[in-house]
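Listed here are the chains, written in short residue letters.
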Amino acid sequence: MIKTDTIIIGAGPIGLFAVHQLGIKGLKAVVIDNLDRAGGQCIELYPDKPIYDIPAVPECTGEELTKKLLEQIKPFNADFFLNERVDEVKQDKKNWIVKTNNNNEFYAPNIIIAGGVGSFEPRKLAVKEAEKFEGKSIFYSVRDKQKFKNKNISIFGGGDSALDWALELSKFSKINLIHRRDKFRGAPHTLSEIKKLEKNGKISIKTSCQLESIDGDEIIKSINVKYEDGKIENIKTDFVLSFFGLIMKLGPIAEWGLNMNKKTIEVNSKNFETSKKGIFAVGDICNYPGKLKLILSGFHEVALASVECFKRARPDEKYRFEFTTSSKTIQDRLGKK
Amino acid sequence: MPKITYQDDKGNSKTIEVENGLTVMEGAIQNDIPGIDADCGGSMACATCHVYVEEKWLDKIQKAEEAEVDMIDMAYEPKKNSRLSCQLIVTDELDGLKVTTPAQQS
Numbered sequence: 001m002i003k004t005d006t007i008i009i010g011a012g013p014i015g016l017f018a019v020h021q022l023g024i025k026g027l028k029a030v031v032i033d034n035l036d037r038a039g040g041q042c043i044e045l046y047p048d049k050p051i052y053d054i055p056a057v058p059e060c061t062g063e064e065l066t067k068k069l070l071e072q073i074k075p076f077n078a079d080f081f082l083n084e085r086v087d088e089v090k091q092d093k094k095n096w097i098v099k100t101n102n103n104n105e106f107y108a109p110n111i112i113i114a115g116g117v118g119s120f121e122p123r124k125l126a127v128k129e130a131e132k133f134e135g136k137s138i139f140y141s142v143r144d145k146q147k148f149k150n151k152n153i154s155i156f157g158g159g160d161s162a163l164d165w166a167l168e169l170s171k172f173s174k175i176n177l178i179h180r181r182d183k184f185r186g187a188p189h190t191l192s193e194i195k196k197l198e199k200n201g202k203i204s205i206k207t208s209c210q211l212e213s214i215d216g217d218e219i220i221k222s223i224n225v226k227y228e229d230g231k232i233e234n235i236k237t238d239f240v241l242s243f244f245g246l247i248m249k250l251g252p253i254a255e256w257g258l259n260m261n262k263k264t265i266e267v268n269s270k271n272f273e274t275s276k277k278g279i280f281a282v283g284d285i286c287n288y289p290g291k292l293k294l295i296l297s298g299f300h301e302v303a304l305a306s307v308e309c310f311k312r313a314r315p316d317e318k319y320r321f322e323f324t325t326s327s328k329t330i331q332d333r334l335g336k337k
Numbered sequence: 001m002p003k004i005t006y007q008d009d010k011g012n013s014k015t016i017e018v019e020n021g022l023t024v025m026e027g028a029i030q031n032d033i034p035g036i037d038a039d040c041g042g043s044m045a046c047a048t049c050h051v052y053v054e055e056k057w058l059d060k061i062q063k064a065e066e067a068e069v070d071m072i073d074m075a076y077e078p079k080k081n082s083r084l085s086c087q088l089i090v091t092d093e094l095d096g097l098k099v100t101t102p103a104q105q106s
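Line by line, the protein sequences give chains A and B. Residue numbers in the first sequence follow the numbering used here, run continuously in steps of one, and reach 337 at the last position. Residue numbers in the second sequence follow the numbering used here, run continuously in steps of one, and reach 106 at the last position.
If we strip away everything but chain B, and leave its shape as in the complex, we get (with noise of 0.2 Å):
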């Protein structure tokens, strides 16, 4: 199973597997990691799953779609590397991927 890395925003990291499908937010919230809350359930509808993905993964993982950069417009101190974790789909080309939490989701 790929391996995801969680990290806060004061530097503590947690990796876990996460089944191919799931997507980044789900991991977090089936393994009860702090930081991502998901109020919506994944709809592209509210910005609490809002992560900085570490920049070599960039180019990887695929591209927003435009409803997904509009609603980063409302996430908390969004960077070029933001998104919204309920859009990344754990695939095996995404082992090793870490994401960094910000220091609050509203």
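With the rest of the complex left out, here is chain A (with noise of 0.2 Å):
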């Protein structure tokens, strides 16, 4: 069991910011994201396009903002848990427990969920029968490429991970390429690759299609894919391939027992805790009257909710408000001489 003085769900700007405002206050935070690297939507909706009302910073993208923040909160050594989903919180007395899909266990005074719309998952396909072969025949990413080594691969998808998966397992697969239109997404040269690959046969392209239903018991023998005209083709598939990009699912969050209304946790806008003592919530996953979903408004709600955090963690000590520009303290907590 990991102890520290706030687990902090989610490594969106919020939750980077969140390591910012406890910092200072020397408290100490680990930060548990589902994907595989800090920065939220920022990095995974749209890491090239432009914001432009981050304060004193006319433009930026979500990916450099991203990285801004990285570098502010690098004095604070914050561990990150990434890959890891938050399943479970359970209460001990003043303080909580925390534990992961990935097994790890956190014990802290204070939660701040910064969760965003909750956390990325693959987008998964809309027929019925697709769930029960999801691990077996059919898969969302690749882990290990050996698997799919001299079968029939169905890939669906018009992005880039759809284009290289097709392109690299051609090497030693036979593949289907489905797409629901004619036109890719994906990158041109890796488009022109798979073109010469289709004339000698290695790769089959079929756009303007859908997929309509699937065959087989335990593992997937066929399956039947639709046009736009109504002609329904069947194709010999071992594999499934299924790349439609993330979605943002509310997940285990609901269960917590906090007061919510819709897909947002309802908090104070006092210091943004939550129906239960120690528990805050910040950024677009909270909800207070006149919330704005905006960055700007989470950095100011995670540095209100880190004073009540400062105050669980630290009981016996007075909490000190200072500012960074004149405060010896902080100045080392910063490692600034």
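The set of hints was computed from the structure by calculation and includes no laboratory data. Note that the structure is predicted; figures quoted are calculated from it, not measured. Using N, Cα and C, we set each Cβ at its ideal position, and we do this for glycine too. Keep in mind that a hint or two might mislead.
Capping the alpha-carbon separation at 30 Å, the derived lysine-lysine pairs in DSS-like fashion look like this [unchecked claim]: (1) Lys80(B) - Lys236(A); (2) Lys151(A) - Lys136(A); (3) Lys136(A) - Lys79(B); (4) Lys236(A) - Lys79(B); (5) Lys79(B) - Lys49(A); (6) Lys80(B) - Lys183(A).
Cβ pair distances, simulated, as ranges [to be verified]: (7) Leu296(A) - Ala67(B): 20 to 26 Å; (8) Asp87(A) - Gln104(B): 20 to 26 Å; (9) Lys132(A) - Lys79(B): 24 to 30 Å.
Hints given; two lone chains; assemble the complex.
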């Protein structure tokens, strides 16, 4: 069990800034996120898109903002637990125990939920049968490509993941690349490589069609795709790979007994505490009168939440409000001489 | 104010007045119309405000830009008349528009 002052759930911009606000107050934190890297929606949804409303930063991309925040919190050496989703939150008197799907356990007086709209998960195939084949014949990512050797593989999607894996796996398997329209979003270079392979029969490209049904008992035998004109084609398939990007799912947060409003958590706007003492919610996931889903609002929210976190983590110490410009203590914590 | 009709996949529909300048997505969210999630808040980054536009309106609404069509690739059961409702801005010309929400958004 890992003991700390604050468990931060979500490594988006607000979760990262939480490390800073806690850090300057001398509090330790761990950050847990289901994605494989920090940045949340900024890095997953719009890494290259510009953001124009960060105060004093006229323009930056989601990726740049993430990088800068990581740089800003470097002095605090927070431990990151990525690729992990928090499944369980339990109370132990005045403290909280948090368990992840990777069997890590954390213990702290404070939890800050900076979970955005929930955790990112792969978008699943729409047909009903897809679920029972998941993990056996249907995959939403490739961990070990050896598994896909000398097989018939049907790949769904029109972006880079679909194109890249079609190209890679075509080295040792028969590939069907299936997309709902004839235009692909992926890199033109990859597409032209694929078109070459199509000519010598390594890859077969099927466009303007979508998955209609799946045949098979334990494992997939074949799939049926339906074209826009209504025509159905049966395709012999051992494995289906589907790349329709990621979707945000609220997931287990809904079961932690917090007061919720649709997909958001109710907080007070004084210290952003939820209906449970010591659990705070900040950023897009919190809700209070006048809430705006802006990054800058999240920064403010977590600054206030961190004060209450201090009071809970250091009940015997007096909280002193300090400025970073003039506080020797804070400058020490930042590693400034 | 223009009237917009939101129909779910089972055929239940609700017609509401939506202020000019709002998006069809915002009209739904502000009036608690189920079936539109809009997780990203309207930044064309999630495809959870996906709707099917009634055929006769397809020529009257503004055409989807490439980024929207790319995003619709990710939507649940996209069709020819699929649009992201966060990109449909309500004007007087859209009075009477009917959209249908898919069986689910993700």
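Going through the hints against the structure:
no.: 1; hint: Lys80(B) - Lys236(A); result: holds (27 Å)
no.: 2; hint: Lys151(A) - Lys136(A); result: holds (14 Å)
no.: 3; hint: Lys136(A) - Lys79(B); result: holds (29 Å)
no.: 4; hint: Lys236(A) - Lys79(B); result: holds (25 Å)
no.: 5; hint: Lys79(B) - Lys49(A); result: holds (27 Å)
no.: 6; hint: Lys80(B) - Lys183(A); result: holds (14 Å)
no.: 7; hint: Leu296(A) - Ala67(B): 20 to 26 Å; result: holds (25 Å)
no.: 8; hint: Asp87(A) - Gln104(B): 20 to 26 Å; result: holds (23 Å)
no.: 9; hint: Lys132(A) - Lys79(B): 24 to 30 Å; result: holds (26 Å)
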